[in-house]
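Asker: Read off the chains here:
2 protein chains.
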Amino acid sequence: MESLKRKILNEATVLSEKIIVVNSFLNHQIDSKMMDEIGDEFFELFKDMKATKILTAEASGIPPALATGMKLSIPIIYARKTKPLTMGNDVYKGIARSATTEQTLEIMVKKAYLTSKDRVLIIDDFISEGYATKAMCDIVDQAGATLVGIGTVIEKTFLNGRKRFERPGVPIFSLVRIKSMDKGRIELE
Amino acid sequence: MESLKRKILNEATVLSEKIIVVNSFLNHQIDSKMMDEIGDEFFELFKDMKATKILTAEASGIPPALATGMKLSIPIIYARKTKPLTMGNDVYKGIARSATTEQTLEIMVKKAYLTSKDRVLIIDDFISEGYATKAMCDIVDQAGATLVGIGTVIEKTFLNGRKRFERPGVPIFSLVRIKSMDKGRIELE
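Sequence order for the protein chains is A and B. At position 40 of the first sequence (counting the first as 1) the number is 39 in numbering that gives the first Met the number 0, and the numbers step up by one without a gap. At position 169 of the second sequence (counting the first as 1) the number is 168 in numbering that gives the first Met the number 0, and the numbers step up by one without a gap.
For reference, chain A alone in the conformation it holds in the complex (with noise of 0.2 angstroms):
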């Protein structure tokens, strides 16, 4: 996606070796045209993939997900990182750690939403250390769903988190890799 990488390149900034800011067009102010390009991207790569549902984590995975769920017609579910009083104790859990607070915290999901008839898009802004994804993955698990494919915005490869959750037969597919943040520079593959 060549618009988004141009972004990348002119918007974003780096924090510090592992994180970069991405506020202007993703986490906080959204491009929508951008936006609904993400989800036409993402529909090409797993619309023959039979998901019936897409998993992914507030709040900043819910614009990629919720495009591509528009696209594919399906419904999307966020998993929610404080539990709302109307939320109850029926819970699937993952356990995730964040890249920008380096906190751990719980993510869950209303069993009622997910079951082993489904077959599972997850969808997410970024994988970097892979924590927030695997927990998506064992929430999947836990229902018996079938995961069917992953897909991401931004992927940093440098910092290899897809070996937490790759498995045969399921696709990793990331729109824009980031081979290096190295002082302060963001390189793409």
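It should be emphasised that the hints constitute simulated quantities derived from the structure, not laboratory data. Glycine included, each C-beta is placed from N, C-alpha and C at the ideal position. Heads up, none of these hints are tricks.
Derived DSS-like pairs (lysine-lysine); straight-line CA-CA distance at most 30 angstroms:
1. B:Lys178 x B:Lys46
2. A:Lys133 x B:Lys80
3. A:Lys182 x A:Lys17
4. A:Lys80 x A:Lys32
5. A:Lys80 x A:Lys92
6. B:Lys110 x A:Lys17
7. B:Lys82 x B:Lys110
8. A:Lys32 x B:Lys110
9. B:Lys70 x A:Lys32
10. B:Lys32 x A:Lys133
11. A:Lys4 x A:Lys178
12. A:Lys17 x B:Lys80
13. B:Lys4 x A:Lys70
14. A:Lys70 x A:Lys80
Short derived list, chain B residues pointing at chain A, Cβ under 10 angstroms:
15. Leu14
16. Asn26
17. Asp35
18. Lys52
19. Thr67
20. Lys70
21. Ile76
22. Thr85
23. Thr100
Model the placement of chain B on the given structure of chain A, informed by the hints.
Answerer: Here is chain B on its own, set in the frame of chain A:
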């Protein structure tokens, strides 16, 4: 929006006199097709307002805001409830109060993304007691931006939340209005 009304009457449950649970299609699992229609509805209602940005609050405001932003081809900004490391300190703040937890919370928007030149449309999932919408109006005012309209998926009109933020010349549209939730029964206008 008849499809949305049916969903509410068939799937929503009443948790307390002020709270309904819409986890199955609006707040945790998202019906993507319905969200696409919600975007179409808000597009029709607000397409002549010359909005330059949509403002919402994480996490549950993101789906209707993004669906609308994709139709209007303008960026959305989601106010954050916790400040990630990537956000910096240069932020506008509003004080909201959650209808579900009864706690006050700060919502924040990075100053760089909202200026006095912007014409802002606020989109959210609920107007309950009106605190969250009021907090977003305060942020628009701090930026010196022009508030051009407010749209919400569901308004609980019996809580009269709009009294906190209504102002002359700023239309408020709610797609579904709940006039009563007495004795666990949802009654629409």
